[in-house]
Amino acid sequence: MKELLILAVVTVFTLVTYYLVEPFAHHAMHKHVESEGFAYADLPEITKTGDVARGQELVMGAGACIGCHSIEVAGMPAGMSPTDAAAAYGVNPPDLSNMGAVLEPKFLAALIKNPAHALDVTHKFDEAKGQMHPMVPFYGAGGDMDQEVADMVAYLQSIAVKAEDLTPAIAFENACGRCHAVSYEKWTQIGETPTFKYKKDALAQEIKLLEYQDSLVAYMGKLPPDLSMYIRSRGEHYISTFIENPQAYLAGTAMPRVGVSKHAAEQVIEYLEDAGDTKRHEREEIGQNVMIYMIFFVLFAFLWKKQVWRDLH
Amino acid sequence: MAHFTKATSVKDWLNQRLAIEKVEKVLASEYWIPKNINFLWAMGMVLMITFMLLIVSGIFLLMYYQPNVDTAFYSVNYTIMREVDFGWLWRHVHGVAASVVFLIIYIHMFTGIYYGSYKKGREMIWISGMLLFVAFSAEAFSGYMLPWGQMSYWAGMVITNLFAGGSLHADGLVEWIRGDYVPAQAFLSRFFMLHVLLIPLAILGLIGLHFGALRIPHVNNQDGEEIDFDVEAKKYLDGDKAGSKVIRFANDFMAKDMLVVAVYLVFFFYLVFYHYGFAMDPVNFDPADGLKTPAHIYPEWYFLWSYEILRPFSTDIGLMAFAFAQVIFVALPFLDRSPNTVPASRRGLFRFWFWAMLIDMIVLTSMGKLPPEGAFSTIGFVAALTFIGLWILLPIITTFEKKA
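Here the protein sequences come in this chain order: A and B.
Last residue of the first sequence? That's 313 in this note's numbering, and every number before it is there in order.
Last residue of the second sequence? That's 404 in this note's numbering, and every number before it is there in order.
Worth flagging that the hints you see were computed from the coordinates, not collected in a lab.
Glycine is no exception: its CB is placed at the ideal position from the N, C-alpha and C atoms.
Among the hints, erroneous ones may be present.
[Unchecked claim] Residues from chain A that face chain B, not an exhaustive set, calculated with beta carbons under 8 Å:
no., residue
1, Val16
2, Ala25
3, Ile159
4, Tyr219
5, Lys222
6, Phe242
7, Arg283
8, Val308
9, His313
Assemble the whole structure, with the sequences as input and the hints as a guide.
Put into structure tokens, the structure is as follows:
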């Protein structure tokens, strides 16, 4: 039938144009990075079996992790406010309660031994030039260092939430939230902003945040962006592969490789979807109903046309 | 004053005052349309429905949108997308309809070109249609400014810069258009006004003109046949519906229109719910930042062909080529010198001209988005020259066209 031929011509030209303008053009404009499944292939595997009790001694030991890090679940609150900590270190050192659940174990081990290397910021922190990373490497407690590190990792895993309890918010706050704000989720670099009764308290909180951000700007070179709409502006694939290896997209960027596990990365993505694509479930549900309705609409329109045109042929 | 009698019914009451029966006849039941048409003749109705979707969704968006440089982005991406019930739905409908309306406009235009629907008394239909195209372009551009994202800001910067006229350095004109040295509050406020008031008014007026322009020459048909509408209408009214070459606008033509509209809406809502990315550029989900130029600045897909005619040349020549591309379609009825009102397939060299123009514009469209480097740049340059060349050729090849 002639009309179908015309429809085919229109469809082919439309699809060719679409292909050239969308998939083809974006392919030509943007670098494509494949995910390695958060394997961190350049880092060595943990070969030893960790001992939790021994790990606890090492983590809690004098001059070890708790010199700078808090561990809320183990009853070790932060000694300094986030703002003061950022002034001292550049960025607030993370609370270690859930790091065992958020970070890939082998990454955590590599991080303890050599932070600048694991975080992939050796271009910024070069020991030879006297540029020390603010996190001091673990130099060993006198025994087999690999064993000691495995023990520490085992301890941190033992206190962290179980994988199934790792919520999008916990994953995001631990992995990204000390540098990135997500204003649409009311998240700032120093946590969620409480509601204050008096304006002076609200202003005092804002000043704390501004001071924190000043330290962060000095440390990172610029204020890391608010991620509220990143799921729409960058898309899931970009964010996921960027988290896995920032240098692959932006060589020389100050953003460290965070070292999240695959599961934690998925939780981070879900957090960003909640922030920037909040109504996605509603959209799918309504979309389905609208499509069903429209198909009935086509049927009725077809029957009406048949009826009206019966006498016209 | 007319003589009024006591009304026998509500209809009679209205009839005495508004002549609704007569109006109904003129506009619908005795507005005659040729029978020899295909679904491409329904694009007018599809456009009308899409325009209504734009107006309705636009009204809902207008209730929450804030035309302020500090709050515009937030009001769109937070308030409308998250807080307002179904705000996301109205925004997606509005964004997708704004893009799809151009696809339908282009199909409508090329249908007109293919069947010669701009000739022999139908010149004003074509011209008013092209004015509508200009108005829709301005509407699309001004609307694109409103979310105040990165692409809004930088597209606003680039497009308003064109008014400096290259070597003319009419910077004063650019500042007058922007109301500032750079796109800022004055710029956003005035484009908001243009988008929600002045241009929609112009569009409504032009739609009236476009419809009015149809009445005397009537709608064209698949063979460009000249129909005596009075004779054929009489045949229809006398009962020979099958033998008549015309049909009523309503319900005959309308029934076919609505079938096409229904199929179109399946496609449209599929895009709204499942495939909206093409109409809502990712870059525009970053808030406007005057200190951070995006790596690639490109217009929406429907402006790409004319953008690519601007790009491959030096500034001044590019601007002239661009200006040429903007206005040349209006002159089509006068550049086509052949009196033949038949489909392009029966028109000698014009047949090739039509497909060459269509393909050239698709090539320009795709090159317009790609970075202007290497082979893309060369292809774009050749396609731009081809575009201009085709228009120069048109009067020549149509002058020598044999009478069909």
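A quick look at each hint next to the structure:
no., hint, in the structure
1, Val16, "7 Å, holds"
2, Ala25, "4 Å, holds"
3, Ile159, "35 Å, violated"
4, Tyr219, "20 Å, violated"
5, Lys222, "10 Å, violated"
6, Phe242, "14 Å, violated"
7, Arg283, "6 Å, holds"
8, Val308, "4 Å, holds"
9, His313, "6 Å, holds"
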